[in-house]
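Engineer: Use the sequences and the hints to build the structure in full.
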Amino acid sequence: MLLLDRLLAADDESAIAEVTVPRDGLFMHDAGMPSWVGIEYMAQTVAAWAGWRALQTGRAVQIGFLLGSRRYETAQPFFAPGTRLTISVRCELLGDNGLSMFDCRIEADGAKELATARISVFEPVDGNAYIPPSPATGQCSVP
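Taking this note's numbering, the leading residue of the sequence shown gets 16, the next gets one more, and so forth.
Accuracy of the hints is not assured; some may be wrong.
Label pairs and their computed distance ranges (CB to CB) [what the hints assert, rightly or not]: (1) Leu-70 <-> Pro-96: 18 to 26 Å; (2) Thr-35 <-> Pro-92: 15 to 23 Å; (3) Arg-74 <-> Met-16: 19 to 27 Å; (4) Ala-90 <-> Phe-42: 27 to 35 Å; (5) Leu-70 <-> His-44: 30 to 38 Å; (6) Asp-45 <-> Val-140: 42 to 50 Å; (7) Glu-107 <-> Lys-127: 17 to 25 Å; (8) Ala-75 <-> His-44: 33 to 41 Å; (9) Ala-144 <-> Gly-40: 29 to 37 Å; (10) Ala-90 <-> Ile-146: 31 to 39 Å; (11) Leu-108 <-> Ala-24: 16 to 24 Å.
Just so you know, these hints were derived from the structure itself, not from any lab. Every residue gets a Cβ at the ideal spot worked out from N, C-alpha and C, and that includes glycine.
Structural biologist: Rendered as structure tokens:
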């Protein structure tokens, strides 16, 4: 599931992504996109940053896992359809064991802060070791 529209910028410590809140589709309600979807926007921006970093150093992009969040706070219960959201993530901790923590923010139309959180993620050396094989194929569902 890819919810972001584009990665705008990335460097050694941070990334910025963008999404325009859709008018229909997955998760949408009459009032708009529930603001709890913002945590997935944040996680996907972290994943884009991790992928960008891997490619910069000639490594393969790996699977990662969102472990949880601290203090996910939103200014409103829904993101309005058509609103351009900018998602900013900054790495605060990058452990040798694959655990990382990020300070994350979502702004509307480049100015109004709508959500903040600190999220914890895990990028294992072998992501397939954490995903059970499919009963149908006996293979892990992640390539």
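Engineer: Should the hint that Leu-108 and Ala-24 are 16 to 24 Å apart at their CB atoms be regarded as holding?
Structural biologist: Roughly 21 Å apart at Cβ, these two residues keep to the hinted range, so it holds.
Engineer: Indicate whether the distance between the beta carbons of Ala-90 and Phe-42 respects the range 27 to 35 Å.
Structural biologist: 18 Å, violated
Engineer: Hint says 42 to 50 Å; check whether the CB-CB distance for Asp-45 and Val-140 agrees.
Structural biologist: Between Asp-45 and Val-140, where Cβ atoms are some 44 Å apart, the hint holds.
Engineer: Would you say the C-beta atoms of Glu-107 and Lys-127 sit inside 17 to 25 Å of each other?
Structural biologist: Since Glu-107 and Lys-127 have Cβ atoms about 24 Å apart, the given range 17 to 25 Å holds.
Engineer: For Thr-35 and Pro-92, compare the CB-CB distance with the range 15 to 23 Å and indicate the outcome.
Structural biologist: 19 Å, holds
Engineer: Take a look at whether the Cβ-Cβ distance between Ala-90 and Ile-146 falls inside 31 to 39 Å.
Structural biologist: Given a distance of about 35 Å, which is inside 31 to 39 Å, the answer is holds.
Engineer: Between Leu-70 and His-44, is the Cβ distance one that fits in 30 to 38 Å?
Structural biologist: Given about 36 Å between the Cβ atoms, the range holds.
Engineer: Starting from the range 18 to 26 Å, see whether the pair Leu-70 and Pro-96 falls in it by beta-carbon distance.
Structural biologist: 33 Å, violated
Engineer: Is it true that Ala-144 and Gly-40 lie within 29 to 37 Å of each other by Cβ?
Structural biologist: 33 Å, holds
Engineer: Go ahead and decide if the range 33 to 41 Å is satisfied by the Cβ distance of Ala-75 to His-44.
Structural biologist: 38 Å, holds
Engineer: Can the suggested window of 19 to 27 Å be confirmed for the beta-carbon pair Arg-74 and Met-16?
Structural biologist: 24 Å, holds
Checked against the numbered hints above, the structure violates hints 1 and 4; every other hint is satisfied.
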